[in-house]
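One-letter residues, chain by chain:
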Amino acid sequence: MPCTAGMKLVFRLGESGFSLSVDDLVEIREEDANLLADGRNRPGPYSLGMLTCRDQEIPVIDLTALLRISSEMDYGDPLKLLVLVGESGFWSVPVSRIEGIFPLAAFSACRAPWLSIFPGSRPYNAIELWREEPLVRCDALWLEQFWCLA
Amino acid sequence: MSSQVALFLLHGRVYALDVEEILIILQEPRIFPLPLLPPVLVGVLIHDGEAIPLLKPDWLIEEPEDSHYCFSYVVVCSTEFGVVGLPVDNVLHIVDRREDRLEGGPDMDDTGSGRTFVYEQVRYPLLDIGRNVAELSLWDFRHPPPQGN
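Heads up: the protein sequence lines correspond to chains C and L, in order.
Sequential numbering of the first sequence, starting at 1, is according to my numbering.
Sequential numbering of the second sequence, starting at 1001, is according to my numbering.
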């Protein structure tokens, strides 16, 4: 089994790029795109529905709404889902594209001092560079706070 | 205070900017979107390991919003609140301020500085980037509240 410790997943929502530690990732799965269209339980404002994963019903969260990315984004078919681990258990996120999993050496720090001038906490506070592109650095626990409290 | 002023073309008009505020001028840098940026920002560019927010020129000069930004250069400026980029169509001249003069007045321009730079008897609105960027610090991504679904 390959060792993924200290690696990061790079994915996209629309045109925006994101990085996520594989420590936060439970699995990557593909589902029928109808999963988002069947209108099953939508318990929260950012919920797109529920997904059965490892004998549990877990929420599918719309990060595009949380992060105010274009709401007309097409996730494609089949649907690519990241299953993440949070404080309240597993939750999942549909993404537009998965670029791959890369070693930490592929990422470098990116200063963004202007982020700190905005008042209030936000779903992300750091940016890093990957292949000269700025990525939003995601943290599953931090993101979970925002959609759980909404 | 710098003794030079840059004259540049922005949305078909010529504006002036104190050279002292300019760190570098980049030709057609790659612009990246980031979520939850204030609506007055186009995106960010990467320069020297730093993500630099790019201002919407419409906001800075109070022009009607134009969703299609076609610019050739970005003037990277240093302000009290950090470094920001200003897209411009072209940089026309760097002129010696001592050759001409600044004028101030309440209704002289639409740039927020209330000043114009007069060069060869032509008045150019003088941009005050710092003053505009200061308004960014008042922006809160939670307002208006997210709609969810």
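Any given hint could turn out to be false.
To be verified - Covered stretches of chain C, going by a simulated chain L footprint (3 or more residues, C-beta under 8 angstroms): (1) 55-69; (2) 76-90; (3) 101-112.
Claimed, not checked - Cross-link-like lysine to any residue pairs, in silico, SDA-like; alpha carbons within 20 angstroms at most: (4) C:K80 <-> C:F107; (5) C:K80 <-> C:S96; (6) L:K1056 <-> C:G100; (7) L:K1056 <-> C:E99; (8) L:K1056 <-> C:K80; (9) C:K80 <-> C:M50; (10) L:K1056 <-> C:S96; (11) C:K80 <-> C:G100.
As the list claims (entries may be wrong) - Across the chosen pairs, the derived CB separations fall in these ranges: (12) C:Q145 <-> L:R1098: 13 to 23 angstroms; (13) C:R97 <-> L:Q1121: 51 to 61 angstroms; (14) L:S1072 <-> C:P113: 34 to 44 angstroms.
I should point out that these hints are in silico values taken from the structure, not numbers from a laboratory.
Cβ coordinates follow ideal geometry from the N, Cα and C atoms, glycine included.
Tested hints:
no.: 1; hint: 55-69; verdict: holds (count 6)
no.: 2; hint: 76-90; verdict: violated (count 0)
no.: 3; hint: 101-112; verdict: holds (count 5)
no.: 4; hint: C:K80 <-> C:F107; verdict: violated (23 angstroms)
no.: 5; hint: C:K80 <-> C:S96; verdict: holds (7 angstroms)
no.: 6; hint: L:K1056 <-> C:G100; verdict: violated (33 angstroms)
no.: 7; hint: L:K1056 <-> C:E99; verdict: violated (30 angstroms)
no.: 8; hint: L:K1056 <-> C:K80; verdict: violated (34 angstroms)
no.: 9; hint: C:K80 <-> C:M50; verdict: holds (15 angstroms)
no.: 10; hint: L:K1056 <-> C:S96; verdict: violated (27 angstroms)
no.: 11; hint: C:K80 <-> C:G100; verdict: holds (13 angstroms)
no.: 12; hint: C:Q145 <-> L:R1098: 13 to 23 angstroms; verdict: violated (56 angstroms)
no.: 13; hint: C:R97 <-> L:Q1121: 51 to 61 angstroms; verdict: holds (56 angstroms)
no.: 14; hint: L:S1072 <-> C:P113: 34 to 44 angstroms; verdict: violated (27 angstroms)
Hint violations for this structure: numbers 2, 4, 6, 7, 8, 10, 12 and 14, all remaining hints satisfied.
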